[in-house]
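Participant: Each chain, written out:
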Amino acid sequence: MTEGLRTEEFQVNMGPHHPSTHGVCRFILTMDGEVIVRAEPVIGYLHRSLEKICENRTYAQCIPVMDRFEYCTSMCCNEVFALAVEKLAGIEVPEYAEYLRVIMMELNRIASHMIWYGTTALDLGAITPFLYSFREREDILDMFEMTCGQRLTYNYIRIGGVSKDIPPEFIPKCKEFLATIDHKIDDYERMLTENPIFMVRNKGVGTLSPEMAIAYGVSGPSLRASGIKYDLRRDDPYSIYNRFKFDIPVCHNGDCYDRYIIRIKEMRESAKIVRQALEQLPNAEVNTGKMVKANFKPAKGEVYSRIENSRGEMGVYIQSTGDTKKPLRVKMRGGSYNQLQVMPELVKGVKIADVVAIMASLDIIMPEVDR
Amino acid sequence: MFDFVKTVLIALPKGFYTTFKHLFKKPVTLQYPKEKMPMAPRYRGLHYLEKYEDGSERCVCCGLCASACPADAIYMEPAENEKGERYSEVYEINLLRCIYCGFCEEACPEEAIFLGHEYEFSNDSRDAFIYTKGQMLANRPTKEKPFKKIIRKVRRIF
Ligand code: SF4
Ligand code: SF4
Chain A
1 MTEGLRTEEF QVNMGPHHPS THGVCRFILT MDGEVIVRAE PVIGYLHRSL EKICENRTYA
61 QCIPVMDRFE YCTSMCCNEV FALAVEKLAG IEVPEYAEYL RVIMMELNRI ASHMIWYGTT
121 ALDLGAITPF LYSFREREDI LDMFEMTCGQ RLTYNYIRIG GVSKDIPPEF IPKCKEFLAT
181 IDHKIDDYER MLTENPIFMV RNKGVGTLSP EMAIAYGVSG PSLRASGIKY DLRRDDPYSI
241 YNRFKFDIPV CHNGDCYDRY IIRIKEMRES AKIVRQALEQ LPNAEVNTGK MVKANFKPAK
301 GEVYSRIENS RGEMGVYIQS TGDTKKPLRV KMRGGSYNQL QVMPELVKGV KIADVVAIMA
361 SLDIIMPEVD R
Chain B
372 MFDFVKTVLI ALPKGFYTTF KHLFKKPVTL QYPKEKMPMA PRYRGLHYLE KYEDGSERCV
432 CCGLCASACP ADAIYMEPAE NEKGERYSEV YEINLLRCIY CGFCEEACPE EAIFLGHEYE
492 FSNDSRDAFI YTKGQMLANR PTKEKPFKKI IRKVRRIF
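Each protein sequence line maps, in turn, to chains A and B. Letter by letter, the first sequence follows residues 1 to 371 of the working numbering. Letter by letter, the second sequence follows residues 372 to 529 of the working numbering.
Hints are computed from structural coordinates only; laboratory data are not their basis. Even glycine gets a Cβ: it sits at the ideal position worked out from N, Cα and C. A few of these clues could be false.
[Unchecked claim] Keeping only pairs whose Cα atoms sit at most 27 Å apart, straight-line, the calculated DSS-like set for lysine-lysine is:
#, chain 1, residue 1, chain 2, residue 2
1, B, K407, A, K184
2, A, K175, B, K377
3, B, K454, A, K184
4, A, K265, A, K87
5, A, K203, B, K454
6, A, K184, B, K397
7, B, K407, A, K175
8, B, K405, A, K175
9, A, K265, A, K173
10, B, K392, A, K173
11, A, K265, B, K377
12, A, K184, B, K377
13, A, K203, B, K504
14, A, K300, A, K272
15, B, K454, A, K173
16, A, K87, A, K245
17, A, K87, A, K173
[Unchecked claim] Partial list, derived from the structure: chain B residues whose beta carbon lies under 8 Å from chain A:
#, residue
18, V399
19, P409
20, R497
[What the hints assert, rightly or not] Pair by pair, the computed Cβ-Cβ distance ranges are:
#, chain 1, residue 1, chain 2, residue 2, range
21, B, Q402, A, M31, 58 to 66 Å
22, B, F387, A, K203, 42 to 50 Å
23, B, R429, A, K293, 50 to 58 Å
24, A, E176, B, H393, 17 to 25 Å
Work out the full structure, taking the sequences as your base and the hints as a guide.
Facilitator: As structure tokens, this is what we get:
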């Protein structure tokens, strides 16, 4: 190199309005040429102070607020809050309502993974998978719409049960969907799993070691892709998950490709759970539970409930004073937050184009990070 | 060489086959502004106020919907008519605050307010989104416009 020429680091701003950040997240990337030296996530653009809003609402009114916590899996958000209050107040949920809850949550998990599948492919430059997965997601949303009247913010799982019984046309539609879903997932796999371009972009990229995953508190599919078999549905069963037989897929490399494989397998497992739940659905007694009243006051105490969301452990901590209708403190935990924290470690030393692949494979969704 | 054959002759055509298969299938999309998707009977869209058969309003301005609303979107002022019945003189919903949760529908003891099927109400001023009583009474589904089946069972909480 000629004497006097030198290179220096420079900074690139990725976001806040970058289509691959799935929300509004900003990354300050310090680059050396095309290689990333440091990455610093800047969060808070989607902050809506949901925790504070919940503290100013009655318990029943918190449920529609929780819908906005993580809008790809609103059913799970409803469930985690309802579960916490039920634990706190010792409310029994009827069996029929529990089955409906599980069916809805698992369908919602499939829908969420479909969004992830489509957008990941889109971020890597493939448009067709996006159209395919959103076509099937539409079927799930139709089922949700006929059940609870809304396509994204359901407000369906309430404290003490579910808001309405499923309509009679739900079960045939759901069975039809389940009959074809495996072929549809085969289609998805045909498009990406062995696609050479997709493999080159993903294999060996963004390897997350199990130690690092645990140190950063990563959970959900991203953790299982690193070889740790940890799933709250099996390890800390909530609702009635211990009645179903399903596998927990694990992979061992922890790279972006494994995170893809895990989620594809999980869609099949969720379909299995829905099938079993539809079979076991008690017909004898249709009881969707008794909703709590507006003046409902749980006893003094604190509670933490957690469930396995499609993006990891989702939890809600509630503190109640026992003499008001409103919670004293609500704290929400979302899996995306920890996955965003591990991003700077993963992107160190990779090319800038791989940042998009890594971010997409971790399935970070910003409303869950910023709350 | 083998790798090349594998990727170009096997893996890529596999993906293309999946895509091309769909050329001969019925499209799943709709030509949106011309065709519209039918909404499910329980769909929660734009609100409307219901009337009795004789044309009088059902709403008695009890305020339960406003107290159930998690978004503080409803404002009302009561009045009495010459027969001594309560009715709402002012009844407004701020559709920009509303989150379409459906609690007002569930809370109403008189079955006066419902969330209808309408979802196209964009406008270019914020004030136009504060819907008054007259607008919501006019929104009522008629024979021409699709009906919302009244789900009486839903009134459970509050
Ligand atoms: S739908 Fe919900 S937010 Fe909207 S006015 Fe009714 S109660 Fe309030
Ligand atoms: S709409 Fe129903 S709940 Fe609201 S004030 Fe009128 S009668 Fe009461």
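Participant: Mind listing which of the numbered hints don't hold for this structure, in increasing order?
Facilitator: 2, 3, 4, 5, 8, 13, 14, 15, 17, 19, 20, 21, 22, 23
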